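Make a model of the complete structure from these sequences and hints.
Protein chains: 4
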Amino acid sequence: MSLNTFGHLFRVTTWGESHGPALGATVDGVPPGVAVDEPMLQHWLDRRKPGQNKYTTQRREPDAVRILSGVFDGTTTGTSVQLMIANTDQRSKDYTEISQKFRPGHADITYHQKYGLRDYRGGGRSSARETAARVAAGGLARAALAQLVPNLTITGYMTQMGPKTIDRARFDWDEIERNPFWTPDAGAAGDWATYLDDLRKSGDSVGAVIEVVARGCPPGLGAPIYGKLDTDLAAAMMSINAVKGVEIGDGMAAAALTGVANADEITMGPDGPEYSSNHAGGILGGISTGQDIVVRFAVKPTSSILTPRRTITVDGDETDIVTKGRHDPCVGIRAVPVGEAMMACVILDHLLLDRGQTGGTRGAIG
Amino acid sequence: MSLNTFGHLFRVTTWGESHGPALGATVDGVPPGVAVDEPMLQHWLDRRKPGQNKYTTQRREPDAVRILSGVFDGTTTGTSVQLMIANTDQRSKDYTEISQKFRPGHADITYHQKYGLRDYRGGGRSSARETAARVAAGGLARAALAQLVPNLTITGYMTQMGPKTIDRARFDWDEIERNPFWTPDAGAAGDWATYLDDLRKSGDSVGAVIEVVARGCPPGLGAPIYGKLDTDLAAAMMSINAVKGVEIGDGMAAAALTGVANADEITMGPDGPEYSSNHAGGILGGISTGQDIVVRFAVKPTSSILTPRRTITVDGDETDIVTKGRHDPCVGIRAVPVGEAMMACVILDHLLLDRGQTGGTRGAIG
Amino acid sequence: MSLNTFGHLFRVTTWGESHGPALGATVDGVPPGVAVDEPMLQHWLDRRKPGQNKYTTQRREPDAVRILSGVFDGTTTGTSVQLMIANTDQRSKDYTEISQKFRPGHADITYHQKYGLRDYRGGGRSSARETAARVAAGGLARAALAQLVPNLTITGYMTQMGPKTIDRARFDWDEIERNPFWTPDAGAAGDWATYLDDLRKSGDSVGAVIEVVARGCPPGLGAPIYGKLDTDLAAAMMSINAVKGVEIGDGMAAAALTGVANADEITMGPDGPEYSSNHAGGILGGISTGQDIVVRFAVKPTSSILTPRRTITVDGDETDIVTKGRHDPCVGIRAVPVGEAMMACVILDHLLLDRGQTGGTRGAIG
Amino acid sequence: MSLNTFGHLFRVTTWGESHGPALGATVDGVPPGVAVDEPMLQHWLDRRKPGQNKYTTQRREPDAVRILSGVFDGTTTGTSVQLMIANTDQRSKDYTEISQKFRPGHADITYHQKYGLRDYRGGGRSSARETAARVAAGGLARAALAQLVPNLTITGYMTQMGPKTIDRARFDWDEIERNPFWTPDAGAAGDWATYLDDLRKSGDSVGAVIEVVARGCPPGLGAPIYGKLDTDLAAAMMSINAVKGVEIGDGMAAAALTGVANADEITMGPDGPEYSSNHAGGILGGISTGQDIVVRFAVKPTSSILTPRRTITVDGDETDIVTKGRHDPCVGIRAVPVGEAMMACVILDHLLLDRGQTGGTRGAIG
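Just so you know, the sequences run in chain order A, B, C and D.
The first sequence begins at 743 in this note's numbering and counts up by one.
The second sequence begins at 743 in this note's numbering and counts up by one.
The third sequence begins at 743 in this note's numbering and counts up by one.
The fourth sequence begins at 743 in this note's numbering and counts up by one.
The hints are simulated quantities; they were obtained by calculation from the structure and are not laboratory data.
Among the hints, erroneous ones may be present.
Label-pair distances were calculated between CB atoms; the ranges are [claimed, not checked]:
no., chain 1, residue 1, chain 2, residue 2, range
1, C, G932, D, K1066, 51 to 57 Å
2, C, T895, A, Q889, 49 to 55 Å
3, C, G932, D, P922, 46 to 52 Å
The structure presented is a predicted model; accordingly, all values stated were derived computationally and were not measured.
Cβ atoms here follow ideal geometry from the backbone N, Cα and C, with glycine treated the same way.
Dropping the structure here:
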């Protein structure tokens, strides 16, 4: 990871601000011969698109992605791919207040301190709009994965909103697509709807936990010591706006286990090793086992809220701030497709890295 | 991060296996003119050294570090520094069993699948001995930071062992150095001693949570979007053996907060901005605020235990495994100096990156 | 250098094909606070623009550059800058022949072999149109350098066309801007005009040598061993289309010298060290001396010519090929601003790297 | 390339000074399963070893390489390999003069200016002893290539010493190993012996040109635009001490050719495309064609000579300097195995990169 780039071989560099003319992703190291077109990418962007229901920002962006390079006759050529998304809903507004005050919990003050200036329109580069570029790049990664690992699926969902967690006994993969919160627990979906509506009306916001699972990932991806699959996944998820924690498998709860309880015992199945459990989240020693890869991350509540908070101005004067505008009461919702995109990019990157170093062969068992 | 290297400008590449002749760290991008010698590095290695009490592995390694390059007349020259640690306590033993069986929860099986072969002596490259090299590199980073940011301190400590957490009301910085668990809670230290002793005798192991705090870090370090300070810290900590979760500030608990509760309100102090709280863990938008930088990570229990677990052999036969040998009942203890070392490396790296891009100046407030 | 990216801290990733909708450069690591706007970049692009005289391709591209991100209120913000140039003159033509035959001396056959497919329209990614993106990025680098090193100037010029070399006794800096060949020798300019006109009419093309000089570069830039200033300059120039050789200072001719003749003797001047000569081209041990940095590179003749050459088809059949279209009889002419751009990018990159590692201070002499 | 590291996937980081305890190479990204041991590497180091005849430095270094990690039971494991070479012939001498004066044409002054201090013993990090580490790493690359591309051979030789060039009509591959200059022209070998002996006695030194050829390299290696095979070769060769120019194929002479003369015409042979000539040096558009890869580089004369040259002291006083000690009268001789090593590293790196991105398949012709 290097400023605006992530990835080793499949490298994604994003660019663009919330209220500039456009934003996008420059994607390098794409395998040649991948079938891809704009509608395939748009499918994923539409899932992240704002303004789809009352639980997300009312900004109306079509987030229409254009492929400007690297694809010829519907196929990737192996050269760098440019994915561009125009910004269209940039309301003219008075930026005087936001340009002079720092929102608590927001990047306003640190950008000012680091760079000496900032593009304050809509948060500039620190806006979560940047994640649209990730979703576009993730769509491209998915297209490549579909050819290289046809059985791989990547699915994200919310497991917690504020203090409210799902009931894992009611986990239903099909439910995820049916509710506005991407949650696998239909009961939680109903409960959260009321809860979030009340919060929004009160001028407040709330955090969330998202889990992303990759099923069908082959063993052998990831590279010790600093190119571990979990290391790169942790970096990928932590780089998403507002994320404050990342877990692999049992995550922080692993600390409470004993070695006996934590052992994912191994047996021999018809297609190779099988495991009695998946505390490890599908990764051992930084390398995938072939089990489900399970990553979880926490998103803090939006700092842009209607409730006044104490802050200072650029001149150092103390004041209050109320952030009007079209903000997500729970940004975690729209982080679900973003987390999926990051998972897709990391897995593809490691697939390419692995076949680069090892040729992609696997040590035989049995 | 790239296989065995981490860092952007201050780049650390580690090498070596548990039972090879030596291991070490090749450190590039070191600022010139830093006063450093072997005893300064040895100080930090001694804290991680095995065999210091009954709670850590009884392997007896002096872990004596040698500086082979990049330092002249007691000062870094700006060229690559080689830090080497000889392996001395390599007991001859019969590796037949471990070479044929995969320990559940261990990298044995994934190394085999990825590479087709593995150095099974003591875990080879997947052994936590690799972290000695990190501590050596971290010592070098600390020496550079001591010149560049004299007021910076980096302190790690345990906040949880198995299900037992510290009482933050009893937090005492001075206590950390007084007990074998590096915990700031004297009450916990006593409790944990009994608990861990029992676990060890029963042939089991347990996980832990470590927190690392950097005090006195200047604002402005870190670089959006993929070079965020928290992104790099998450990667750095997740790359440590057995780590399954990483948190910044409130971490996973941030998900349960509302925006009102989560806001670290800002006031103007005599030396610049001050904050009412530190939910953010000292980082906003990936850039340091000047508050304490707070990182927490969970270490799973050692998978090498004396209690039999089900597994398979390289030939695919089902069997049981009992891992004899000199293993840590709670590897989290020795992860404390490792976490500190990673924090030191990441902060120094970002200090250099920042002055590279911005010249190290700060946007004025007030 | 990594596929489509070059640079360490000031990192340029280019994208786009000759006949796609657009091409551009994504520039990361730009220092904040640099005054820049589109006309400042356009100035440099106009120098490379095709169709300006009969000695360059008759393709008519305005090469109008747009800044899509990273600049706010006329100043860089420190975030990634997107520079986009639309392709406007894409004549519809019959690509059947070029899609089936490989031009000798062209990337057609190697792209086909590597990727299994290629964008054959105008050479796709292998077209020299990619260098427009470099010139745009170079313009941005120049803007940053103008603030950081105000006295630095970077000037490129042709010293040889085909077998015809300039007479260094007639070297005139002011002449460079006066003739269509960017040559400092007015006598050569006249001679070359006739020579090239004849070549063009005969359906042939010719090579050239370009020299780029940076005057006013501070000492201390560059980093041994693999980040040497000359190493990066060599890579930068060799990456330009059709370049087959790169020289620093005396270059290949240094082989013929004795140590006595090659020594640039040092004396003490009022502002620091002075040198009796500059065989070294301003770089010793990979680090700038403060003298003029002198780089020279050879451009081979365009392989797209009207004279029939023997080749094969994708089906492996032997045939002849004649490349019609709007090709430069001497691509070296338009390589002059490209070489300047690469010099600007490399110097800025090393300026940032140096102040990152060393803080930008200099060891005192005297 | 990044300070002390080169390579994308096969990454070599070198460390060590001329008169420190040791030097070496940390090699990352090595494919697993490569048969290698110390004698295999020593074979290549012995070719570069000083003191083998009167034409090279009389320093007596065994240059014995040790493999400290990454190899188990005679096979690479896929983890980082440490190759260490102890310095044994470090004569105690009086460094007063060399520590106070800057040798013209040497890195003394630029290291001082950049870092504020330097390890002046034997040139420290700027000593050509660093190239021993490259040769060791190159030996490892050759071992991997021997398994991956069995027919590949890499051979370097001198084509020019001072003003004296070989007669290509007398080119004999077998002659290269028979004379102390690695030249394929027996006639030149005799001539050069007398010439160099006279130069050495007169206290002078001389430059050289080395050519390195890779035969049997598959097509498809190299990646446009900034990861071109020729770009990386240019960087690799230019990074060798004292190199001032690099050429691919016809190199600088390509400038004098017309497009008609420069075209390597293509025909269809029994095993694929064949070429009428190899002006391109086996690389088109940055990608290998399958022809011989031909790289040439010029080495300047050693700046450490016995003839007095004017210079200044650290205090800025003007003085003369005579460099006594055991210096090579023609460092180009020992650069031959170094050039070969760099070629091996670059080709292996691109082989891994290529199979990472494309899977290593080739677009069919015919």
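Do the hints match the structure? See the list:
Checked against the given bound of 51 to 57 Å, the beta carbons of G932/C and K1066/D, roughly 54 Å apart, stay inside it. The given range of 49 to 55 Å is respected by T895/C and Q889/A, whose C-beta atoms sit roughly 50 Å from each other. Look at G932/C against P922/D: about 51 Å separates their beta carbons, and that is inside 46 to 52 Å.
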